[in-house]
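Top line first, the protein sequences correspond to chains G and Z. For the first sequence, position 9 (counting from the first letter as 1) is numbered 9 according to the numbering used here, and the numbering increases by one without interruption. One gets the numbering used here by counting positions in the second sequence from 1 and adding 1000 to each.
No lab work stands behind these hints: they were computed from the structure. A portion of the hints provided could be inaccurate.
[Stated by the list, open to error] With a straight-line Cα cutoff of 27 Å, these simulated DSS-like cross-link-like pairs (lysine-lysine) come out:
1. Z:K1112 x G:K96
2. G:K97 x Z:K1125
3. Z:K1365 x G:K311
4. G:K132 x Z:K1230
5. Z:K1167 x G:K132
6. G:K317 x Z:K1365
7. Z:K1460 x G:K320
8. Z:K1385 x Z:K1365
9. Z:K1280 x Z:K1403
10. G:K132 x Z:K1263
[What the hints assert, rightly or not] Stretches of chain G that chain Z covers, calculated by requiring three or more beta carbons in the stretch to come under 8 Å of a beta carbon on chain Z:
11. 130–137
12. 250–264
13. 291–298
14. 306–320
Beta carbons: idealized from backbone N, C-alpha and C, even for Gly.
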Amino acid sequence: MSYQTIAIAGLLYILAMPVYIVYILTKSRKIGYVATGTFCLGAVIHIFGFVQRFREMYEINHSFLRSIPLTNLYESLVFFVLCLVIGYLFIEWRYKKKSLGVLVSIIAGITISLIDLLGISKQVQPLVPALKSNWLLAHVTLSFISYAAFGISFITGLLHIIMDSENKKSFKYIFSTFLLGFMLFMFLSVIIDTTTASNPKTVKIFHSTLGNPSSFISIISWLFLLILIFISWQYGGFIKKILMNFKIDADFLEDITYKAIAFGFPIFTIGGLVFGAIWADQAWGRYWGWDPKETWSLITWFVYAFYLHAKFIRGWKGSKISIIAVAGFIVTIFTYLGVNIFLSGLHSYGSM
Amino acid sequence: MSKLNSLNEKIWNFFASVDLAVALFIVISISAAIGTVIPQELDPEAIIRFFSKFMSFNASMKAYEIVNLFDLNNVYHSWWFIFLLFMFAMNLIVCSVDRLPLLLKSFKIPPKLFDSKILEKMPLKREFESSLKKDEIFEKLMNILKRKHFSVSTFNTDNSIQIQCKKWSKTRLAVYLTHLSILIILIGAIVGVFFGFRGSMNIIEGTGSNFAISDSGKPISLPFEIRCDKFEVEFYENSAMPKDYRSYIKVIENNQPVKINGKDSFIIEVNQPFTYKGFKFYQATYGFQPSEHSEFRFTFLDKKGKEHQIAAHFEEKFKIPETNVVASVVDFSPALGVDEQGRLFNMDTNMINPAVLVEFEQNGKKIKQWILSKIPDTWDTPFGKLKFNELWGAQFTGLQIRKDPGVPLIYIGSILLCAGLFISLFLRPVQYIIELEDRKVTFFYPSLKGVVLREKEIDKIIQELKEEEK
Chain G
1 MSYQTIAIAG LLYILAMPVY IVYILTKSRK IGYVATGTFC LGAVIHIFGF VQRFREMYEI
61 NHSFLRSIPL TNLYESLVFF VLCLVIGYLF IEWRYKKKSL GVLVSIIAGI TISLIDLLGI
121 SKQVQPLVPA LKSNWLLAHV TLSFISYAAF GISFITGLLH IIMDSENKKS FKYIFSTFLL
181 GFMLFMFLSV IIDTTTASNP KTVKIFHSTL GNPSSFISII SWLFLLILIF ISWQYGGFIK
241 KILMNFKIDA DFLEDITYKA IAFGFPIFTI GGLVFGAIWA DQAWGRYWGW DPKETWSLIT
301 WFVYAFYLHA KFIRGWKGSK ISIIAVAGFI VTIFTYLGVN IFLSGLHSYG SM
Chain Z
1001 MSKLNSLNEK IWNFFASVDL AVALFIVISI SAAIGTVIPQ ELDPEAIIRF FSKFMSFNAS
1061 MKAYEIVNLF DLNNVYHSWW FIFLLFMFAM NLIVCSVDRL PLLLKSFKIP PKLFDSKILE
1121 KMPLKREFES SLKKDEIFEK LMNILKRKHF SVSTFNTDNS IQIQCKKWSK TRLAVYLTHL
1181 SILIILIGAI VGVFFGFRGS MNIIEGTGSN FAISDSGKPI SLPFEIRCDK FEVEFYENSA
1241 MPKDYRSYIK VIENNQPVKI NGKDSFIIEV NQPFTYKGFK FYQATYGFQP SEHSEFRFTF
1301 LDKKGKEHQI AAHFEEKFKI PETNVVASVV DFSPALGVDE QGRLFNMDTN MINPAVLVEF
1361 EQNGKKIKQW ILSKIPDTWD TPFGKLKFNE LWGAQFTGLQ IRKDPGVPLI YIGSILLCAG
1421 LFISLFLRPV QYIIELEDRK VTFFYPSLKG VVLREKEIDK IIQELKEEEK
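Modelling step: build the complete structure from the supplied sequences, incorporating the hints.
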């Protein structure tokens, strides 16, 4: 089955992380090759698993263009990570820098293992009539490729802000470390939410923690959140030191942030907005209807348009601009997951 | 007069500023986001119900007043949101008109020699000592730059040669293509609002209709009639999830069915609309609505193996061919199921598993039997095989209808938008300044943007130069 193959890929990503760390510590070329090799092997197996799933879908739908395995949360996360991995490998090859590998391998590995371990439906599902269109392939794949590009810009953008901030009381430093702490909390909360939920189909984010019906657990959760944010704020400087040791410089981070957005923005425009509009025009009889997913896609588009205008016309530099990149990805994540969780609309098939 | 001019200038500068653009990005985004949170319904009750989830009833009444005042329950069509979009369009126009001539002019200005002080301040500098003489290096360098499609201008000074090479500089125009495309899309949307309409029509199987109800609730009459001959839904096995649904329609104009390419019957499916005279019809929904004219359709296989088609209304007696049996349909279930105790019940209003209870009467003796259209075992009756085909005329097809002359503009705008973005973001202008001094070659790159990759390109040029030396 395809999800077993994909789980192996996740394992290889996790294995690649310590090798990347050893490479950075020893700077031995051989170990560098081993690190990249392990990571690439993971990517190859990941692609193989994706193709396998494609075949499983094809057996149900009998149409190549409509069998892209991107019709539920599990499949979309798998594809998102695949795009992230390939994007990273491209950056590593182009810039000959392996230092980001530690972060990317652990993010890819943990995400794959989590979506495998948690109760998200892994079954191959038949398509609802609205999804039966040849636009599915173009619209969904390109959207996710752009999401992955924005994801890379988020990682480098956040690192850039932490690196660039001098003192603990500056807005940038507080912003980035708060976000880091909050993300960590959300990460833990999602794990608890999914493991404690009686039915994996009705997982509600923060239901087991902040929004727990028992006010005692709720208060404890809030306290824990504050503690995590405090720790993140207190020891953010430590991250900066690690980055320095990894030989990552601020210019490199800023450059990658920009490149990822400059790549993702046109792809998002064509795949997410334009192809989405054409498909909506054919399926629903209108090219634009202020559906929550559409609206949030437009908001995402505006945030990145803001980034590009601030950079090119206003000449914003440094971590000031990276904050927009980070905010952009938060909006992207909301467009991707939040709309399905919190708001109702026509794109509801992306639910857990 | 001068006061008026200065006021004009102020207004112009206001609309030409990037600050306005950035502010509009933020304000429009926030307004649009509000519209996704507050229910976009005109019914006050729905809004109050929404707010009472978070606050007391009195507070939610107050909240509704605010919502109503600012049209927050109809954000995307409210006067202030339209005004924001109008400002956005003005900003785009004025900004482009303000900057485009400057850019065009800058293409015509002949390049000027860069002062060494300015060069020294440039963020990227690369030096290289050659074994060749200045003129030889110059020749080789020019060859390499030409091969890489740079446009080159040179300046001879007393003791050095300055080479300025450029590539992709015209791609700066693409930004204005992007801006123009957004305007075209907005114009397309306006055309759609003023000259188009959207509506829906529900047609019961076997009937026709020549009017639709617009989204705002007004009836619109069509210059032709749409008849639905048949509507069918397929479900995935053992599930209420529809696999496909489609309507078989005819267009009736002047009491005649319209033929297109020799056919007079057309299929409308999800994702496969049908267009006639600028009206586009979409398969949107369907529903169960049995009526007087609904017909139960059977195929009877008599003992000799001959097929007979039978159609009967509810509780209408019909004869079973070649026998003296009279039958009638006494009950119907669109989705017959069996519960744990073996009792029959109806699971759904969708026609997942249609079944009829037929009462047979022979010589005064009555028997009843359920016949399920999807289970062949139930078709066997004591009098022969009676297959239940369908209940025709009991479902309606929900069609969306639209006429929108703005769509071609939207498509043109979208194509230009993509083209503009790809050109302006993937083909960034590149400029290097190269100083030749005796045997020393110095490369300068004037910007911080993309320094890492530019450094690589310069290194490659140097590499090629070295190879040519050999």
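Hints and how they fare:
no.: 1; hint: Z:K1112 x G:K96; result: violated, 36 Å
no.: 2; hint: G:K97 x Z:K1125; result: holds, 21 Å
no.: 3; hint: Z:K1365 x G:K311; result: violated, 89 Å
no.: 4; hint: G:K132 x Z:K1230; result: holds, 22 Å
no.: 5; hint: Z:K1167 x G:K132; result: violated, 45 Å
no.: 6; hint: G:K317 x Z:K1365; result: violated, 93 Å
no.: 7; hint: Z:K1460 x G:K320; result: violated, 33 Å
no.: 8; hint: Z:K1385 x Z:K1365; result: holds, 19 Å
no.: 9; hint: Z:K1280 x Z:K1403; result: holds, 6 Å
no.: 10; hint: G:K132 x Z:K1263; result: holds, 25 Å
no.: 11; hint: 130–137; result: holds (count 3)
no.: 12; hint: 250–264; result: holds (count 7)
no.: 13; hint: 291–298; result: holds (count 4)
no.: 14; hint: 306–320; result: holds (count 7)
In terms of the numbered hints stated before, the structure departs from hints 1, 3, 5, 6 and 7, listed from lowest to highest.
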